[in-house]
Amino acid sequence: MNGNRTLGYSMLAPALIVIGVFILYPIVGAFVTSFFADTPFAPRRFVGLGNFARLTGDDPAIGSVGFTLLFVAVSTTLEILLGLLMALVMHHTWRGRGWIRAAVLIPWAIPTVVTAVMWKFMFNDQYGFFNLLWHGNAIEYYTAWLADPGSARLAIIMADVWKTSSFAALIILAGLQTIPRELYDAARVDGAGAFRRFRAITLPLLRPAIVLALLFRVIDAFRVFDLVYVMTQGAPGNSTSVLQFYGYQKMFPEQQFGYGSAISVVVFLMIAVFGWIAVRMLSTRMHES
Amino acid sequence: MKRVGIICAVALVTLFSVGPFVWIVGASLKTPATITARPPTIVPDFATTFYETAFGEHNILRYALNSAIVAGTTTLITIVLAALAAYPLARLRLRRRGVILGIVLGASMFPQIAIVGGVYRMLSHWGLLNTYPGLILPYTALALPLAIWILTVFFRALPRELEEAAIVDGCGPVATLRRVFIPLAAPGIFTAAILVFIQSWNEFFFALLITTDPSVQTLPVGIAKFPGQYMVPWGELAAAAVVATVPLVIVVLVLQRRITSGLTAGAVKG
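Residue numbers (the working numbering), protein chains in the order written: chain W, 1 to 289; chain L, 1 to 270.
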């Protein structure tokens with residue numbers, strides 16, 4: 001058995017080496033670099049917490065933190081609500097279940113860049129779908145949605161909700177399918193109405209699935225980049241800039257590796273804190289049941 | 001009454017999911033004159049003008065080919081490495097098994113921005129910027145956590161007796177994996193392969209930074225950086241978007257059951 005164990009570790013080794021070299025090592029590098037001034041224009045220099053101090057006084061950075069948090073909060077809430085609705089609809093469909101599942105999977109499968117192009121086109125100020133929907137033939141009122149901070153933010157959130165609600169729906173649907181039918185039958189015998197059954201049976205038993213979907217969605221939403229890059233480039237002003245986009249701007253176009261790394265460390269810590277809380281919630285719930 | 005409600009709900013969900021995609025397909029089938037019509041026309045002209053220029057002038061085929069090469073190779077390498085890793089994780093009593101799985105899963109949650117700086121410098125040091133391996137290597141690392149997780153779940157579900165029989169017959173772990181697990185877990189392997197392929201086909205952030213030379217760029221980068229001299233060429237862009245998406249839509253329509261089982265693997269039992 002001991003020989004098997006050694007062999008087991010050696011079977012694991014190739015995958016762990018690839019993950020180590022291309023994910024873990026760069027992460028450590030980002031933490032280290034965040035303590036340095038690192039640009040091509042001057043020798044690398046240790047600055048301690050200087051980059052983080054600079055971050056607290058950098059208005060666009062603070063703005064990016066603000067929109068990132070707003071984006072995460074609003075889009076994931078909508079995605080879970082919509083995902084729950086879609087899962088309930090799919091759960092109650094017998095005929096054509098495969099068909100509706102395929103339809104729901106389409107937004108999930110589409111490249112995010114394509115999603116962004118689609119929604120940018122639908123929000124176009126001249127010939128976009130939303131102007132047709134909102135103003136009809138009154139072309140003199142056609143609006144440049146993406147040029148206004150409020151509607152540009154809303155547009156990015158809508159694109160994300162469209163693309164990722166189906167993922168939440170599938171996780172929640174899998175949870176729905178594990179709830180035993182007998183529970184509902186028993187409740188029906190006791191005279192509980194549909195709404196009562198939903199509140200007393202479905203929601204509590206669905207909780208682990210919902211928390212799991214939320215965990216995945218929140219972690220992903222913190223990393224939003226593609227939609228912002230294609231739809232607005234952070235404009236108008238800095239209103240739709242998010243942390244991962246701002247960090248990219250500092251690190252690549254502006255070549256400030258140290259400062260960009262500090263921003264990436266902040267994103268990392270935000271995700272880590274949230275992930276830790278969510279995993280604790282999940283595991284305490286499992287111990288309780 | 002209840003039936004009507006469900007039918008309406010199904011119609012709404014379908015419209016919501018498919019509507020925006022149908023709109024862009026419609027746009028790609030318009031003509032240069034109708035795509036800029038104000039107000040926009042709803043029914044397209046079913047013209048192929050934009051596809052002709054997208055393939056002819058914008059060389060969409062090159063990007064599509066690059067995407068296929070990168071995503072295909074990534075999928076192959078990832079599945080081999082993930083199968084090797086998932087077997088001991090699912091079946092052998094390793095110490096620190098939980099820790100290893102934790103690190104693997106944790107790695108998939110890191111923000112790309114915290115990884116890309118180091119990856120960029122490594123690739124630049126090795127001269128791998130603007131090459132296929134320069135994309136395939138980090139993509140493999142990004143895809144491995146998901147693939148390992150799915151395969152571990154599938155391997156764990158296989159009956160123990162099979163493995164014991166193989167061991168009695170004198171098979172070591174590698175032979176057991178190859179002769180017993182891989183054939184039996186073929187649906188799981190296939191599922192993991194689809195998900196890895198879709199993830200790699202769609203990846204944008206790393207591709208944007210690692211490839212600046214159009215001859216190796218993938219479809220998402222080609223689309224995001226679509227050249228427009230005076231204004232955005234929406235028609236050609238729509239056609240390119242459809243080209244990038246159609247393979248995935250076909251995969252989804254044919255394999256939706258598999259994809260669903262892969263996405264929710266282990267989600268329920270935890």
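Be aware that one or more of the hints could be misleading.
What the hints assert, rightly or not - Restraint-style ranges between C-beta atoms, simulated for each label pair: (1) L:33 - W:43: 41 to 49 Å; (2) W:53 - L:227: 34 to 42 Å; (3) W:196 - L:65: 22 to 30 Å; (4) W:195 - L:168: 26 to 34 Å; (5) L:227 - W:252: 14 to 22 Å; (6) W:42 - L:183: 52 to 60 Å; (7) W:48 - L:164: 37 to 45 Å; (8) W:194 - L:175: 33 to 41 Å.
As the list claims (entries may be wrong) - Stretches of chain W that chain L covers, calculated by requiring three or more beta carbons in the stretch to come under 8 Å of a beta carbon on chain L: (9) 13 to 22; (10) 46 to 52; (11) 66 to 73; (12) 179 to 187; (13) 195 to 207; (14) 215 to 228.
Unchecked claim - What the simulated footprint calls covered on chain L by chain W, stretch by stretch (three residues with Cβ under 8 Å from a Cβ of chain W suffice, anywhere in the stretch; the number is not a length): (15) 47 to 55; (16) 180 to 191; (17) 198 to 204.
It should be emphasised that the hints constitute simulated quantities derived from the structure, not laboratory data.
Glycine residues also receive a C-beta, built at the ideal position from the N, C-alpha and C atoms.
Hint check results:
1. L:33 - W:43: 41 to 49 Å: violated (58 Å)
2. W:53 - L:227: 34 to 42 Å: With Cβ atoms ~41 Å apart, the hint holds.
3. W:196 - L:65: 22 to 30 Å: violated (57 Å)
4. W:195 - L:168: 26 to 34 Å: 57 Å Cβ-Cβ, so the 26 to 34 Å window is violated.
5. L:227 - W:252: 14 to 22 Å: Holds, at about 20 Å.
6. W:42 - L:183: 52 to 60 Å: holds (59 Å)
7. W:48 - L:164: 37 to 45 Å: Given range 37 to 45 Å: violated, Cβ gap about 59 Å.
8. W:194 - L:175: 33 to 41 Å: Taking Cβ atoms as reference, residue 194 of chain W and residue 175 of chain L lie about 55 Å apart, which means the hint is violated.
9. 13 to 22: The restraint on the region 13 to 22 of chain W holds, since 7 of its residues have a Cβ under 8 Å from chain L and three suffice.
10. 46 to 52: violated (count 0)
11. 66 to 73: violated (count 0)
12. 179 to 187: violated (count 0)
13. 195 to 207: The restraint on the region 195 to 207 of chain W is violated, since only 0 of its residues have a Cβ under 8 Å from chain L and three are required.
14. 215 to 228: holds (count 5)
15. 47 to 55: Violated, because only 0 residues of the region 47 to 55 of chain L bring their Cβ atoms closer than 8 Å to Cβ atoms of chain W.
16. 180 to 191: With 0 residues in contact (Cβ-Cβ under 8 Å with chain W), the coverage given for the region 180 to 191 of chain L is violated.
17. 198 to 204: holds (count 4)
Against the hints set out earlier in the document, violations occur for numbers 1, 3, 4, 7, 8, 10, 11, 12, 13, 15, 16.
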